[in-house]
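J.: The residues making up each chain are set out below.
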Amino acid sequence: MVKEIMSGNEAIARGAWEAGCSFAAAYPGTPSTEIIENLSAIKEVSSRWANNEKTALEMAIGASIGGLRSLAAMKHVGLNVAADPLCAVGYTGVNAGLVVVTADDPGCHSSQNEQDNRLYARLAKLALVEPSDSQECKDFVKAAFEISERFDIPVLFRVTTRICHSKGLVALEQPGEIPVKPYQRNTKKYCMLPAMARVRHAFREESLKELEDYANSCPLNKIEWAGDRKLGIVTSGISYQYAKEVFGDSASILKLALTNPMPRALITEFCSAVDKIYVIEEGEPFIENTVRSLGFACIGKAKVPILGELNAQIVRTALVGPTEQGGYSVDLQAPPRPPVLCAGCPHRGFFFSLQKNKKQIVAMGDIGCYSLGVGEPFGGFDISTCMGAGISGTIGLAKALEMQGDPRKVLGMVGDSTFFHSGLTSLIDVIHADANVIACVLDNSITAMTGHQVNAGSSKDVQGNEVSAIDLVAIIRALGVPDERLRVVDPLDLKAVQEAFNAAIAVKGPFVIVTKRPCALIKEVARANAGKHCQVDPGKCVGCKACTLIACPAMAFKDNKALVADPASCTACGLCMQMCKFDAISRVGE
Amino acid sequence: MTTNILLVGVGGQGTILMSKVLTAGLAQMGYDFKMSEIHGMSQRGGTVTTQIRYGDKVYSPSIGEEEADVIVSFEKVEALRVLPFLKKGGSMVTDEHEIYSMPVLTGKAEYPSNALEALADAVENFTIVPARAKAVELGNVRVQNICLLGALVKVLKLEAVDWNALLADFVPEKALAINQQAFAAGYAMLK
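Protein chains in written order, with the numbering used here: chain A, 214 to 803; chain B, 239 to 429.
Hints were generated in silico from the structure; no laboratory data involved.
Worth double-checking, as some hints may not be accurate.
[Claimed, not checked] In silico lysine-lysine, DSSO-like type, Cα no more than 27 Å apart, as pairs:
1. LYS736(A) - LYS412(B)
2. LYS721(A) - LYS569(A)
3. LYS435(A) - LYS295(B)
4. LYS346(B) - LYS572(A)
5. LYS443(A) - LYS295(B)
6. LYS256(A) - LYS258(B)
7. LYS516(A) - LYS325(B)
8. LYS422(A) - LYS402(A)
9. LYS569(A) - LYS612(A)
Hey, can you work out the whole structure from these sequences and the hints?
T.: Here it is as structure tokens:
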């Protein structure tokens, strides 16, 4: 059998392909992004980057009802955006199988919270499948499509960062024929008007009972008996691996993977047979509450942290006690190394200018590379909540500042991808409310933070097809923003950015600034800049440090002189040149 | 018996390619393994760590404090940062290359001048491998990672794999020779 080294995300894509999935949609979000990136490489699978998670899921629902096995993928907070269709499709069910992948992020490696999306399966009445490694990612996606069709139910496929981004060997199978189920009109099933929804709710409650019978006996949920039955562990997902690492074969384990509906008979059988029960799970006491509701005392969140990501050591310390392995320490601190705006990043010019206007502006941020502008030295914004909130939040904040006599103007920002995701509806609110705010769209022509995915502003889709690029400035104009309240500027032109801020501060009511410059890491941009960099003439440099105020990682200051310490990463963007009053910096390699 | 390896560097230094080649070699040797590379925001100039565990059967993909058998660091203070992960008696290999983080560049934090001395004092099995300098000397700074791979292969005695042949699967043909030279140089730098 062919084995390949695969991450969880690669394995999910492979499993979907092997299962005959032919439609996939997603909005990029760490740690889920690579699922679509890998699926899009398979030409038989029609893959799309959607504008947001809601439209991604709705596309997949349409394809499923139409007869194609379909998959939607998103990060955990993305499922909040998609919660509306998710809860409706829980009632309608499917025609061809529908799998919704939620990639949760315990530990907040790159997210604003640690929400445990297993709870969505109960809320929306979906089947829930939790793999524990790459092999199971592949195998269980195939099982999930089967379950979806057999029980007429969407499957929530829940993975976590550690599973998405860990690699292991995966035994491959060959993809079969791509199944296409005939589409049939069925308004009683697919039109969720009140009369139909009531009936479908009843259907779903019945189908969940049947699915629970299946969960009690299906191979996804299994007991691994140890020699004696003193200790029993109930676990799922990555936590199973930690349990095995700590307890090996010394404890009996109920390994759960189909966890909504909970296999209560199986849990009862297991828990009745062991003396002591540990429940090991990351996040919420999702399994633990079921174990307790069945009348079994157990140790779970009382000892296993609800916060952050688990690992074997945390589980061991919580349930067995600390080990005296021994290690090393030295009396020296490594300086912090927070992520920063890259050399040549167009956002740098925007944030440098914004900071200079801090006395007159209170700023709200959003989710994207520009989140990094919050750090030193720019302190670029005060508030960051979720995608789109960087624009709509300004309406309320501006009103609050007005009522307390604070004369500062509120500014909000989103990137181009976030604008298409949910910033557009927020901007409509700003314009319609005639809010006294500055709305900024930082357009770098790509969804950068997640690794350069195309978006609605791109002229090619994820599979390389020519598509209609959406002109976001034209959209903004179409909202009725007049030319005198709109500036489109190059963020690396500090003078132009300042003039835009001046114009925005001078008027009352909505003002829109669009900064336009592609991300320096886009392949074509990087290629065009290859070999170009800035250079400091040490004879002219007086050591005033003005150029270091832009916080460019390619610059350094040594022996009282500035220097471009990393010319390979410098793109010759010229921001440092604009800072220098002594004409000491020049571009070379052009 | 599971062996735990921790690679640490700064975004863009090539830790991921190094771990890809390494795990391909481990697969050839018939080991079970898991590799965990958490990325996302850390790509933007932050610290990047990769964890590799191999043995007969590996469950957890991650390594806790005082659990690493070998640490390979691509940058001097990153070695300092991950020292708490090294197991007593474990080996540490680090490049002496310095990359200043933003707090250092803006004067908010200091880059320690005596990190290597402090580490050498504390850790019995400590080796400085000037892989970045070697890569520059060879003519391509990007082969620093493969130079460090050579050193790691020596530490772990993984000579059963034809690493020179394996490299051909991962680097373009025109860069193969220089990668092989970097590997040999790294291997030779360890006692």
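J.: Take the hints in turn and mark each one as holding or not.
T.: So, going through the hints one by one against the coordinates:
{"no.": "1", "hint": "LYS736(A) - LYS412(B)", "in the structure": "holds (20 Å)"}
{"no.": "2", "hint": "LYS721(A) - LYS569(A)", "in the structure": "holds (20 Å)"}
{"no.": "3", "hint": "LYS435(A) - LYS295(B)", "in the structure": "holds (19 Å)"}
{"no.": "4", "hint": "LYS346(B) - LYS572(A)", "in the structure": "holds (23 Å)"}
{"no.": "5", "hint": "LYS443(A) - LYS295(B)", "in the structure": "holds (25 Å)"}
{"no.": "6", "hint": "LYS256(A) - LYS258(B)", "in the structure": "holds (26 Å)"}
{"no.": "7", "hint": "LYS516(A) - LYS325(B)", "in the structure": "holds (25 Å)"}
{"no.": "8", "hint": "LYS422(A) - LYS402(A)", "in the structure": "holds (19 Å)"}
{"no.": "9", "hint": "LYS569(A) - LYS612(A)", "in the structure": "holds (24 Å)"}
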